[in-house]
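Please model the complete structure; the sequences and the hints are all you need to start from.
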Amino acid sequence: MKERIGVYICHCGGNISDYVDVEELSKMFHKEENVVIAKDVMFACADSNQKDMVQDIQENKLDAIVVCSCSPKLHLHTFRSVAARAGLNPSNYVQVNIREQCSWPHSDRPREATVKAAGLIRAGINRVSFSESLEDIQLEVKKSVMVLGAGVAGMKAAIDLAKSGNEVFLVEKDFFVGGRIAQKDKLFVTGQSGKQIVASLYDEIKKQSNITIFTGTSIEKVSGSLGNFHIDLKVKPRYINGKADKQAVKRAMEECPVEVPDAFNLGLTKRKAIYKNYPEALPDVPVVEAELLKDQPDFTAKFASTLNLNEQEETISLIVGSVLVTTGYENYQPKEGEFGYKTIDNVVTLPELNRLMELNPQKLVYNGKEIKSIAFIYCVGSRQKKGENKYCSRQCCTSTIYTSLQLKEKYKEMQTYHLYRDIRAYGKQEVLYTQSAKQGDLYFKYEDKEKDFPVVEKVGKNTIVKVKDSLTARKELEIEADLVVLVTGMVAREDSTHISELFKIPIGRDRFFNEIHPKLKPVETVIKGVYIGGTCQGPKNVTESVQSSLAGASKITALLKSGTVAVDPIIARVDTDACTWCGKCADVCDYGALKVVEVDGKKVASVNKAVCTGCGICAPVCPENAIEIAQYTDKGIESMIDGFMLDVQIQEKEVNADEVQDENAVGMKEYPQVWKEILAGMTDEKNTIPQIIENSKLKGELVTYHLMTMNKYGVVVPAGMDQKEEYFYYKKK
Amino acid sequence: MATTATTSQETKLPKILVFSTDKISDPGIDQAGLRKIHYSPSVYVINLPCSSGVKPRWILHALENGFDGVFIAADGHECSYSAKCPEHTNTIIQTAQELMKEKNINTKRIRMAAVCSVCAEPFASHMENFSKILAGIEE
Ligand SMILES: Cc1cc2nc3c(=O)[nH]c(=O)nc-3n(C[C@H](O)[C@H](O)[C@H](O)COP(=O)(O)OP(=O)(O)OC[C@H]3O[C@@H](n4cnc5c(N)ncnc54)[C@H](O)[C@@H]3O)c2cc1C
Ligand code: SF4
Ligand code: SF4
Ligand code: SF4
Numbered sequence: 001m002k003e004r005i006g007v008y009i010c011h012c013g014g015n016i017s018d019y020v021d022v023e024e025l026s027k028m029f030h031k032e033e034n035v036v037i038a039k040d041v042m043f044a045c046a047d048s049n050q051k052d053m054v055q056d057i058q059e060n061k062l063d064a065i066v067v068c069s070c071s072p073k074l075h076l077h078t079f080r081s082v083a084a085r086a087g088l089n090p091s092n093y094v095q096v097n098i099r100e101q102c103s104w105p106h107s108d109r110p111r112e113a114t115v116k117a118a119g120l121i122r123a124g125i126n127r128v129s130f131s132e133s134l135e136d137i138q139l140e141v142k143k144s145v146m147v148l149g150a151g152v153a154g155m156k157a158a159i160d161l162a163k164s165g166n167e168v169f170l171v172e173k174d175f176f177v178g179g180r181i182a183q184k185d186k187l188f189v190t191g192q193s194g195k196q197i198v199a200s201l202y203d204e205i206k207k208q209s210n211i212t213i214f215t216g217t218s219i220e221k222v223s224g225s226l227g228n229f230h231i232d233l234k235v236k237p238r239y240i241n242g243k244a245d246k247q248a249v250k251r252a253m254e255e256c257p258v259e260v261p262d263a264f265n266l267g268l269t270k271r272k273a274i275y276k277n278y279p280e281a282l283p284d285v286p287v288v289e290a291e292l293l294k295d296q297p298d299f300t301a302k303f304a305s306t307l308n309l310n311e312q313e314e315t316i317s318l319i320v321g322s323v324l325v326t327t328g329y330e331n332y333q334p335k336e337g338e339f340g341y342k343t344i345d346n347v348v349t350l351p352e353l354n355r356l357m358e359l360n361p362q363k364l365v366y367n368g369k370e371i372k373s374i375a376f377i378y379c380v381g382s383r384q385k386k387g388e389n390k391y392c393s394r395q396c397c398t399s400t401i402y403t404s405l406q407l408k409e410k411y412k413e414m415q416t417y418h419l420y421r422d423i424r425a426y427g428k429q430e431v432l433y434t435q436s437a438k439q440g441d442l443y444f445k446y447e448d449k450e451k452d453f454p455v456v457e458k459v460g461k462n463t464i465v466k467v468k469d470s471l472t473a474r475k476e477l478e479i480e481a482d483l484v485v486l487v488t489g490m491v492a493r494e495d496s497t498h499i500s501e502l503f504k505i506p507i508g509r510d511r512f513f514n515e516i517h518p519k520l521k522p523v524e525t526v527i528k529g530v531y532i533g534g535t536c537q538g539p540k541n542v543t544e545s546v547q548s549s550l551a552g553a554s555k556i557t558a559l560l561k562s563g564t565v566a567v568d569p570i571i572a573r574v575d576t577d578a579c580t581w582c583g584k585c586a587d588v589c590d591y592g593a594l595k596v597v598e599v600d601g602k603k604v605a606s607v608n609k610a611v612c613t614g615c616g617i618c619a620p621v622c623p624e625n626a627i628e629i630a631q632y633t634d635k636g637i638e639s640m641i642d643g644f645m646l647d648v649q650i651q652e653k654e655v656n657a658d659e660v661q662d663e664n665a666v667g668m669k670e671y672p673q674v675w676k677e678i679l680a681g682m683t684d685e686k687n688t689i690p691q692i693i694e695n696s697k698l699k700g701e702l703v704t705y706h707l708m709t710m711n712k713y714g715v716v717v718p719a720g721m722d723q724k725e726e727y728f729y730y731k732k733k
Numbered sequence: 001m002a003t004t005a006t007t008s009q010e011t012k013l014p015k016i017l018v019f020s021t022d023k024i025s026d027p028g029i030d031q032a033g034l035r036k037i038h039y040s041p042s043v044y045v046i047n048l049p050c051s052s053g054v055k056p057r058w059i060l061h062a063l064e065n066g067f068d069g070v071f072i073a074a075d076g077h078e079c080s081y082s083a084k085c086p087e088h089t090n091t092i093i094q095t096a097q098e099l100m101k102e103k104n105i106n107t108k109r110i111r112m113a114a115v116c117s118v119c120a121e122p123f124a125s126h127m128e129n130f131s132k133i134l135a136g137i138e139e
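Order-wise, the sequence lines are chains W and S. Mind the numbering: the first sequence is residues 1 to 733 in our numbering, read in order. Mind the numbering: the second sequence is residues 1 to 139 in our numbering, read in order.
Since the hints were made in silico from the structure, they are not lab data. Where hints are given, some of them may not hold.
Using 25 Å as the maximum straight-line C-alpha spacing, the simulated DSS-like pairs for lysine-lysine come out as follows [as the list claims (entries may be wrong)]:
no.	chain 1	residue 1	chain 2	residue 2
1	W	K609	S	K84
2	S	K84	W	K221
3	S	K84	W	K528
4	S	K12	W	K73
5	W	K294	W	K335
6	S	K84	W	K390
7	W	K221	W	K236
8	W	K206	W	K236
9	S	K84	W	K386
10	W	K519	S	K132
11	W	K561	W	K206
12	S	K84	W	K595
13	W	K584	W	K555
14	W	K461	W	K369
15	W	K504	W	K142
16	W	K385	S	K84
17	W	K519	W	K390
18	W	K519	S	K101
19	W	K173	W	K163
20	W	K276	W	K234
Keep in mind the model is a prediction, meaning the values are calculated, not measured.
Right, here's the structure in full:
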């Protein structure tokens, strides 16, 4: 039990005290047992107040503090570090949200807001009374990283990680690196060729002595945790003799008698059993599909010294400190009959069209017929009404528009029709849309309802697409086209569930990997040390894929930098006296953090500290109530509930707008230091922001940001614009 | 200063305990405040890492000590911890309801809904509806 508690109740300028009677509350809590200090302060987060708090803690030997102010999302770390600076363990600090969850939503009922605030503060005091001093868990970590997937996201991240001094293992399932961009002749927005980007990244990787690339490699087993992941890899053989002459290898490829559909060209062409995805594919060594040469004794005899058909699969074990998953996406494969796919002979997907364009440099020919008109149907496999792909695939609108521009550039005579739901060519990509419209591409909008989707039909030899165009009063139009292209979106990879199981990364209903929080922790997963980047997380274009994988790389570099990692101590713990090892907790733990151990001859559950995420899912299922999460103990939570029941007699405070403003002015000495500096930098006349920056010598962004808040609190007032109408004037109030 | 005194009891607003989650539903509840969307001042929130970590005994503790209802603002399928979160949370509610029956507490006093990080209005309307339900319960 804590006996020397400090309670700070914040006015937040007036954001709280305009509605909640903070002065009354501080008087009330000052009288409480075990509360040594209860203060109301103008801005709890102001530097001056933080200094006062440090002094209070030290002088009064406080053993816990409660700050009642804004949402903990904003200032939890501010006050935790105040505690730490004063020598108090940060776990003995509780923040009570009396702004976002009290003064603001109940600004219509100030008296009740004050009663509620009293309950919230009491709960905070109760909770902190039972707080324990927790220390971060220190783990030793290896400065090595595995990047899984050598698409553009993974390759770029591997280079960045290596340049930051990490040992990198880049693991690619395919025999060649580059991922999907290698299948694109020209990429929006820059017009660069995907293959060239792959080649230059590969070149850069080869220059880094601390990157090892594994191709044709899959992950077999993962154990261990942050700092020390043990990963077993299976490396498939290429069946090419490493010492063979290059010309002989080339001849073997040419003379190979077996042909199969070429997956790289999405089945539009055939390839040999000895192949490269494309002539410049890297690493520059072909692969033999040995299975296909089983019945070709003459051929294999002829090239016996070139091929090495006895080569064996290899298993390699690695230990790495962290993992970046960049396994990418798959193209949506339309079902048979979906908009005529596979049932009408001239219906293809956008990725197929992209391959066709590369394979047909002069004339665009499909099924022996020259193509002069194309109808694109957008959003196929994305934004599904039925089915799990509710998301928008982000890049396909722009990709289609860009393809359309290239079609015209490459084949001159080409009419395109675009049947869309919404055009999502955002940011700079909008320019491409304007270009496309200018070159005469025709756009038709169909409604976002299943019954209004376009219909593809064969009428005699002709292919017709029927669409109810919203832009012309939903009149049904019939468009005849030589080729119908389904703008298919991105889907999660077939094996995402398997990868998710190996690393325990949560996946969404759409089967893409889930980050912790899309805004606050966009590349982190709940598994410590495992990060995600690129399109394995959801649809992205190349820029966005690389941005996210580089963010992951920076996070990992920062994490592994010092060789040890401090892990949050808010995790599960088992009361070994009460535990009877029923295994129920281990059954619900998705992370495998709970294992059975023997303590004094008794089987009990034990928590792996490096793995436990502190989610708390195990706690409610224990029949013996033997497992709890630090800081979320029964005592802590139940005492909060008791605290909420505090029913006090509070007198209503009259709220008078003028008084509120005046109060602010009176509290001048309590303003944050920067405000004082800004005011000192202002003349009594009108001031523009650049003038204030000049006079105060403060950073521009700081002045701009704080002036807005000062304006809100009536400390300064706007006074029109300067003559050039460039800047606002501000005046002291 | 005016002289009238009142307490939440006098205004007869049902007291609701909400369990929210740090990363998803609690930010949604904050949003309601930020946008000054009003809901009952008899709503009190405890935030946890995940809604599947609510112990049935906490629910009982609240209902036996003056709370009229308990609302779990769950992450639903957005939960970053477990794809099975909705099922886990459901199991917790069922267990709590069993315990409530034993103690003759109306099982309508517990409710769950998914609240996302921008669900300001939905949260306020969940509170309004739940308050109405609770006010209408005759044990
Ligand atoms: C039709 C179409 C056209 C597009 N055009 C453009 C464009 O013009 N401009 C643009 O910016 N974007 C475009 N995009 C988007 C672009 O393709 C992606 O942003 C980019 O490819 C994402 O890169 P990535 O590394 O995340 O994934 P990927 O390119 O999919 O690479 C992932 C890599 O991981 C490997 N891998 C997968 N699973 C495993 C495993 N288990 N173990 C090891 N390795 C594994 C894969 O083999 C692959 O090499 C287009 C997309 C489509 C569908
Ligand atoms: S980017 Fe465009 S085509 Fe792709 S799913 Fe979104 S709206 Fe549909
Ligand atoms: S559920 Fe409880 S009793 Fe069973 S193994 Fe886990 S901690 Fe022990
Ligand atoms: S809190 Fe429990 S369920 Fe969650 S990761 Fe830790 S041990 Fe597993």
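Here is what the structure says about each hint:
1. K609(W) to K84(S): holds (22 Å)
2. K84(S) to K221(W): Holds - the C-alpha atoms of K221(W) and K84(S) are around 24 Å apart, at most 25 Å.
3. K84(S) to K528(W): holds (20 Å)
4. K12(S) to K73(W): With Cα atoms ~32 Å apart, K12(S) and K73(W) exceed 25 Å; violated.
5. K294(W) to K335(W): violated (34 Å)
6. K84(S) to K390(W): holds (19 Å)
7. K221(W) to K236(W): holds (16 Å)
8. K206(W) to K236(W): holds (21 Å)
9. K84(S) to K386(W): Status holds; Cα separation ~22 Å.
10. K519(W) to K132(S): Not OK: K519(W) and K132(S) at ~35 Å, beyond 25 Å, violated.
11. K561(W) to K206(W): holds (23 Å)
12. K84(S) to K595(W): Roughly 20 Å separates the two Cα atoms, so the pair holds.
13. K584(W) to K555(W): Violated, at about 35 Å.
14. K461(W) to K369(W): holds (12 Å)
15. K504(W) to K142(W): holds (20 Å)
16. K385(W) to K84(S): Since the Cα atoms of K385(W) and K84(S) sit roughly 23 Å apart, the hinted pair holds (cutoff 25 Å).
17. K519(W) to K390(W): This hinted pair holds, its Cα atoms lying about 20 Å apart.
18. K519(W) to K101(S): violated (42 Å)
19. K173(W) to K163(W): With a Cα-Cα distance of about 24 Å, the restraint between K173(W) and K163(W) holds, given a limit of 25 Å.
20. K276(W) to K234(W): Holds - the C-alpha atoms of K234(W) and K276(W) are around 21 Å apart, at most 25 Å.
Of the numbered hints listed earlier, those contradicted by the structure are 4, 5, 10, 13, 18.
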